[in-house]
Each structure stands twice: as C-alpha cells, then as structure tokens.
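A.B. asks: Chain S is fixed; fit chain Y onto it per the hints.
Protein chains: 2
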Amino acid sequence: MAKNMIIGQSGGPTAVINASLAGAIEYALECNEIENIYGMVHGIQGLLEDNIKDLSAHFANRPSRLNRLRTTPAMFLGSCRFKLSNSDEEYEKIVSQLEKYDIGYFFYIGGNDSMDTVDKLSKYIAKNNIDIKVVGIPKTIDNDLMGIDHTPGFASAAKYIALAVRNVAYDTAIYSIKSVHIIEAMGRNAGWLAASSVLCRDSKNVAPHLIYLPEIPFSVDKFVSDIKAKLEEYNSVIVVVSEGVRDENGKYISARGDKVDKFGHIMLSGTGAYLKEVVEEQIGCKVRALEPSVLQRSAGHTPSLTDITEAQNLGLVAVKAAVAGESGVFSTLRRVSNKPYTVEYYTERVSVAANAEKTVPLEWITQSGNDVTNDMVEYLKPLVRGVPQIPYRDGLPDYVNVSYLDKAKQKYKN
Amino acid sequence: MAKNMIIGQSGGPTAVINASLAGAIEYALECNEIENIYGMVHGIQGLLEDNIKDLSAHFANRPSRLNRLRTTPAMFLGSCRFKLSNSDEEYEKIVSQLEKYDIGYFFYIGGNDSMDTVDKLSKYIAKNNIDIKVVGIPKTIDNDLMGIDHTPGFASAAKYIALAVRNVAYDTAIYSIKSVHIIEAMGRNAGWLAASSVLCRDSKNVAPHLIYLPEIPFSVDKFVSDIKAKLEEYNSVIVVVSEGVRDENGKYISARGDKVDKFGHIMLSGTGAYLKEVVEEQIGCKVRALEPSVLQRSAGHTPSLTDITEAQNLGLVAVKAAVAGESGVFSTLRRVSNKPYTVEYYTERVSVAANAEKTVPLEWITQSGNDVTNDMVEYLKPLVRGVPQIPYRDGLPDYVNVSYLDKAKQKYKN
Chain S
1 MAKNMIIGQS GGPTAVINAS LAGAIEYALE CNEIENIYGM VHGIQGLLED
51 NIKDLSAHFA NRPSRLNRLR TTPAMFLGSC RFKLSNSDEE YEKIVSQLEK
101 YDIGYFFYIG GNDSMDTVDK LSKYIAKNNI DIKVVGIPKT IDNDLMGIDH
151 TPGFASAAKY IALAVRNVAY DTAIYSIKSV HIIEAMGRNA GWLAASSVLC
201 RDSKNVAPHL IYLPEIPFSV DKFVSDIKAK LEEYNSVIVV VSEGVRDENG
251 KYISARGDKV DKFGHIMLSG TGAYLKEVVE EQIGCKVRAL EPSVLQRSAG
301 HTPSLTDITE AQNLGLVAVK AAVAGESGVF STLRRVSNKP YTVEYYTERV
351 SVAANAEKTV PLEWITQSGN DVTNDMVEYL KPLVRGVPQI PYRDGLPDYV
401 NVSYLDKAKQ KYKN
Chain Y
415 MAKNMIIGQS GGPTAVINAS LAGAIEYALE CNEIENIYGM VHGIQGLLED
465 NIKDLSAHFA NRPSRLNRLR TTPAMFLGSC RFKLSNSDEE YEKIVSQLEK
515 YDIGYFFYIG GNDSMDTVDK LSKYIAKNNI DIKVVGIPKT IDNDLMGIDH
565 TPGFASAAKY IALAVRNVAY DTAIYSIKSV HIIEAMGRNA GWLAASSVLC
615 RDSKNVAPHL IYLPEIPFSV DKFVSDIKAK LEEYNSVIVV VSEGVRDENG
665 KYISARGDKV DKFGHIMLSG TGAYLKEVVE EQIGCKVRAL EPSVLQRSAG
715 HTPSLTDITE AQNLGLVAVK AAVAGESGVF STLRRVSNKP YTVEYYTERV
765 SVAANAEKTV PLEWITQSGN DVTNDMVEYL KPLVRGVPQI PYRDGLPDYV
815 NVSYLDKAKQ KYKN
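Chains S and Y, in that order, are what the protein sequence lines are.
So in this note's numbering, spot 70 of the first sequence is number 70, and the numbers just go up one at a time.
So this note's numbering is basically just the index in the second sequence, starting at one, shifted up by 414.
Bound conformation, chain S alone (with noise of 0.2 Å):
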C-alpha cells in the first residue's frame, strides 16, 4: 500500500542541494510505492513546528519549474541548523507528526550533522519497530564527509574559487607592479576549497602561486618567506588561504588580530584580512584580500554540470533505496575510473558519515606545506566539468520562487 514520502533541508546552502530535491521528487512522481510527496520547510524544525509544503501539488506536471528547481542555488525548503536533543519528547513528537501526515519514506538532505539527524531518528524508529525508512541524502561544499568520494555542492564551489583566482589572475597581470592577492576559501578544518585552486593551473595560468590548507600548521614567518620568494619570479602572487588556517599551537590565524574595539575587545577580522595586514607591514607592496564568503556556496549561475547530474542522481538514489526497504543509510558514490570519468551510486550506513570529518590526506600536500600534489588534481579535475543550460530571463539565471519562505519566517521571528 502506497504510503507518503516527506523531505528536508538542512545546514549550509550549496548550489546543488535543489537538484538532490528535484531528483528525489522526480523519481518519487513516478514511484507507485509513493502517495503523496511533503516538504519540510526549516528542516526538522518546521516538521516540529508543523510548517509543511505540498511539494506534488507544486512539481507534479511542471517539468519546467522542476527543471528551474534544479539549478536554483540554496535550498527551496529552507534550512535549519537544528540537534536532536535525544529526549524521547522529542522523538514521540516527531513520530507523531510523520504518522499525521502518513509517512513511509523520510530524507534528510545535509552534511555531517544531519547525517547525525538520520542517525539518531532511524535508530529510535527501528528500536519502536516503526514503519517509516530514514534516509540521508549528502551535500556539504567542505567535502568533509565520510563515505562518499565527495559531495554534492563541493565541485560547484571549487569551480567557483578556481574561476575566482582565474579572473583575479587576469585581472592582475595587467599591472607592472609587485603586488600580492589573498583569497580566502571556506573550510574551517578541511582544506579542500582551497586545494581546488589549483585548478586554475593549466599551460597558460601558473596561479595560485601557493596554496594554504588547515591540515597543515600555518607559519606567519614561512608565509611571508614563501611570498616573498614568489616575488623574485612574478610581479603578481596570488595566494590562497583556508579561513580555517591555523598556528602551531592549533589556534585560527584569524584569531591573532591585534586590533581591539571601543571597548577593548579584541576584534576577529577575517583570515585573509589579517594576512594583507601582515604582507603590507612585512613586504611593504600592493596587497588585496579577497573573501568570495557566501558567494562561493551560492553561486547558482556557475554550476559544475557534474556536480549537478551527481546530485540529482544522489536524491533518486535515496527514494529507491527508501522504497526498497533500505532505512538509516544515505546515498552515496564511489568514483569507479578517472579517465573516463565515472561513478557508482549505491547506499551506506548513515552512522560511517554522522558528525566525522574527512579531511585532506597528508600525502596529497607537497612538503613545503604550500601546495597540493598532482594527485589532488587528479581527483579534482573532473568534478568540475560540463557547464550546464541555467534557464535566463532578462540576461539574470531564473530560480524558482522561494520567496514564500520570508512568510514561513515570520513564525520564528527574534
């Protein structure tokens, strides 16, 4: 007998979590075994607090707002950043609102701590033999999950920060001045953003001049000699930092900042804008920081177009495996062969991938602690090919609408 699905968002947005929805809906349109398909908006929170959208009355029939769906960046349901607290309260709640709304099939698209979400609620439901499958569906930029090659929404943003230090490397050369660029990329314990600047490199592109990841302790003195070095050769350097950089002694780099405010406090600015600080004192020439923040993760109109049909793919992979019977595993893929490039899905216990984190193998950071290894390139390079069609209006990407979620907000208003 044909039961209901429901689905959420949760964590940081990516540029591709909208097609890991979208896979999932149209593979779930068109599955006997799924009634009705609901949308938890606010993830689990909205679930709790009762906030649910109709999602077969919005996409059943609109093939081309489904396609939209799936190259509008963040997250059509919206986010939460909600932990379970364990209380059975909590999960009798839950339960009793997926037995409200009929649920057979629950998913979870998210990172680390969402994957601790699916965890937690499968277990509790297997424990009260609870008809309901639990499955996780990944995403994070940081690409610091365990049990997936990499994850959905990494290969867009490390295209972003490869096309970022490309334009910024054109748009450098120009000038017959010594001068120095610093681009800080997200990853607070993972290096991975970073590493994917040097994907910039090709025969005509030598930046990023050096690479800086958090695995490896961070130098203040062996960051201003490296540059320094680089300028001996080239006129522009373009360095790429982790925000997530740190000293010796495991403390942030963005954390030494010596400026304090009115009232004492000792101000955090950036990573990258501490370090322009310290070359503008030390080395004395032309210095930029540039921090892409958000732009970097939400950067809908500049999608890897594999990243997409793997993200897409990952949502259908879930809802088949829900429906086959599987519970407290996400979908997940292994990367079979390089040249061609190509993958397997299958699914993975959802307790290898909650709150562990997969950072970048020591052995694929050069010696000097400034670069990353020819088998990082490898890894990386064919995540992000393919340019995919993004639907424009008036020279703009057309998303779908998301602005019904400013209405869901006012309920959580503070």
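FYI, nobody ran anything at the bench for these hints, they're computed from the structure.
In this text, a Cβ means the ideal position worked out from N, Cα and C, and glycines have one as well.
Don't take every hint at face value.
[To be verified] Straight-line Cα separation of at most 27 Å, DSS-like style, residue types lysine-lysine; simulated pairs:
#  : chain 1 : residue 1 : chain 2 : residue 2
1  : Y       : Lys665    : S       : Lys276
2  : S       : Lys100    : S       : Lys320
3  : Y       : Lys417    : Y       : Lys514
4  : S       : Lys251    : S       : Lys276
5  : Y       : Lys537    : Y       : Lys497
6  : S       : Lys127    : S       : Lys83
7  : S       : Lys320    : S       : Lys127
8  : S       : Lys286    : Y       : Lys665
9  : Y       : Lys417    : Y       : Lys541
10 : Y       : Lys690    : Y       : Lys636
11 : S       : Lys83     : Y       : Lys700
12 : Y       : Lys734    : Y       : Lys541
13 : Y       : Lys497    : Y       : Lys772
14 : Y       : Lys537    : Y       : Lys507
15 : Y       : Lys690    : S       : Lys276
16 : Y       : Lys795    : Y       : Lys772
17 : S       : Lys251    : Y       : Lys690
18 : Y       : Lys417    : Y       : Lys734
19 : S       : Lys3      : S       : Lys123
20 : Y       : Lys497    : Y       : Lys541
21 : S       : Lys3      : S       : Lys93
22 : S       : Lys286    : Y       : Lys690
23 : S       : Lys381    : S       : Lys339
24 : Y       : Lys497    : S       : Lys178
25 : S       : Lys286    : Y       : Lys497
26 : Y       : Lys700    : S       : Lys251
27 : Y       : Lys700    : S       : Lys276
28 : S       : Lys83     : Y       : Lys592
[To be verified] With beta-carbon atoms standing in for the labels, derived distance ranges:
#  : chain 1 : residue 1 : chain 2 : residue 2 : range
29 : S       : Pro391    : Y       : Ser751    : 20 to 30 Å
30 : Y       : Leu776    : S       : Arg81     : 42 to 52 Å
31 : Y       : Ser782    : S       : Asn32     : 48 to 58 Å
32 : S       : Asp398    : Y       : Ser510    : 51 to 61 Å
33 : S       : Asp102    : Y       : Lys795    : 43 to 53 Å
34 : S       : Gly284    : Y       : Ser633    : 34 to 44 Å
35 : S       : Ser85     : Y       : Gln696    : 30 to 40 Å
36 : S       : Glu280    : Y       : Lys537    : 37 to 47 Å
37 : Y       : Ser510    : S       : Gly284    : 28 to 38 Å
[Stated by the list, open to error] Partial chain Y-side listing against chain S, Cβ under 7 Å, derived:
#  : residue
38 : Pro487
39 : Ser590
40 : Asn815
C.D. replies: For chain Y alone, coordinates are given in the frame of chain S:
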C-alpha cells in the same frame, strides 16, 4: 599608401576591453589602409620604453585565438596609469617612437584619464602637422564617461552585481533568523554599479531592499533606521552600497579614506566593513559585509552579450573613423530605442570625455534616497541581456594566454 597602426589599453580592467581590442584588430586585418598592427604593452608607458607587440603576427589567420580574446577579461596588452606630463620632451619621444614604427593610426582604449591622453596627444600632433590619427575607444565599469549612453564594461559588471545580489538573496532566504547583508559595489563618485543591483528584482525577488549611491549624502543614522524598518517586514535584508558614499560634509564613510593614488583619487576600501560594525552595534542581528572587489570587474565567465557586442563594435568604429581621417575623437554610441533595444555608433570629440565624470541623475534616485526609480531600471535592463558563448576547457573559461606580460613586467620591477 598604407601605414601601420598601434593600439594600447590603460586604466582599470573590465570584462570586455579585449572585445574592443578584438574588434579593432579584426577590422584592421581586413583594411587596405593598414599594413601592420602593433600593440603597446602597458599602454603609453610601454610605447615610451619600446615594449611593443606585433599583433598582426599574433592574430592574423588565427580566428579561434581572436575569438578567445573577445571573451578574455582584463587587458591582453597590459595597463598603465600614466599621465602625460605636458612636456614637449615627452611628446617628442612619443612621436619619435610612433615614427619609428611608421604609425599612421594610434588607438587608446580607456576611461576618463585615457581620453585625456588621447585629447592631449591628438592636439600636439595636429599642432605640429604630423600625419597620425589619434582615436580613443571607451571603457570603464564605472559608467561615468561623458558623451556616451553607457560605457563598455559597465554592463558586465552590472550583471555581476545583480547576479551576486540574487545569489546572496537565495543563500540567506533559507535561514529563519533576522539578518542583514551589505554588498559593497565599486564606484567612487558615480553610483551606477550600486544602482544596477536593482536588476535583481523581479516578480520573484524583492532584493536588494536598500540601495545607497554616492550622489546622495549618506547618513549613518538614516541607514540604521532604514534597515530597522525593512527588518520589520523581512527576515533577511540585503543592502547595496557604493564604496564612495559620503556624509553631508563630503567625507567618505569608508573607514580608511585617507590614502590617495598618484592621480590624487582617494583610495577607498572598507565602506561595507565599517557599516557592518555599525549594524552589529546598533541593531545587533546577524550581519555580513561582502566586497566583491575586483571580482566584479574581471568576471570573464559571465559577461553580458550586449556588452561584448558593443565593445567589439566600438573597437571597429574607432579604426574605421581613423582610416577615414578622423582624429581627436573617440568611438561612442547613443541609444536609439529601448523596445526593441537598438544603438547607433558614431564618433565624438574626445575633449567631451576627457577628465569629465557622468554621475547618476538625481531624478533617477528615489526621494527616500535609498533606492532608484523605474527610469533607472528601464535604462539598465537591456544592457545586461544575452549570454555569450564562452569557450570552456576542463570546466573553466579558456582565455587567451597573457603570461608574456609577466616577462614584460620584469622591466618595471620595483
């Protein structure tokens, strides 16, 4: 009898200056009156230092290279910021260099300062009865040139700003908390780029909620109360502010308004960063400042097709005019109609543009001083239309090789 031509680029980069270069080269290659095509590497400074590139050899019978030049951002020939000293000695040196290369046609692609160079040089050459035609080709992301409906480079930067605002709007829409995003657009005295963020708005998007231009004196108190009012209505408020906003005494809001470049222009950075602190202190909600900085002028992966086409045509029109005997002019365009959007190309005395600045008409700014009118929207809309075919390779735009500039730059080591 056929003569040679020389062309240079000057000032700050845009996404489409090379399209003007491509348009000029393409026309000159077919033109009987022009024998050889030379490039000044690093503008007039390169000419003085005999840093010359043979463009005929580089681009003749290379249609795919010329095509990639069209969509390569920044400047293939490099830039300089060189102000003519007005000494006869300097003019004589320039003319002797031009005679050395048997130049009959001199072209300079640039903004106000470059048009000043064209103006002075053409006057000196005319006064001394030298047979060299001197013609300007306009460019600037700031859109502040007089004597032209809008400048090449502006439309692509405008598109970038509108895109950034839209992507940020989708990124922040997912959260159920009050937040303010402040996006700082380039523009010292003219608010055209900040104004162009209005293009993000359509039936599905209300962002940006507030727009501040340097044409209207900026009040920090009003800024705070404007944001407070918008936060009553929306959870997420997106504000676009020109880097050049000033208080009623003409003092830049930017925290560091005391550095000047060699033209005496005050160097600005940190308007958004300063206003972020203001919002944190006086409103206390989550706030982010985004400064796309050079990314907005070098976004070669997402130019406007209209912009590329017009930039290219203005290169062609300049060469055509010079060959027809014009000098002391620049190629320009006027808008003939908006629906359908059509323009007409012609030439204008370069003195009209030299050192003048076109700011936003006050009647295109709303009474409230924090938004633009529909006249501005109608003016901007056609400019960002059209998505060009960008050649891609391995997932990134395949620009022309400019690494030769680095060797050239060694000469100017400082």
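A.B. asks: So which hints don't hold here, by number, going up?
C.D. replies: The structure conflicts with no hint, since it agrees with every one listed earlier.
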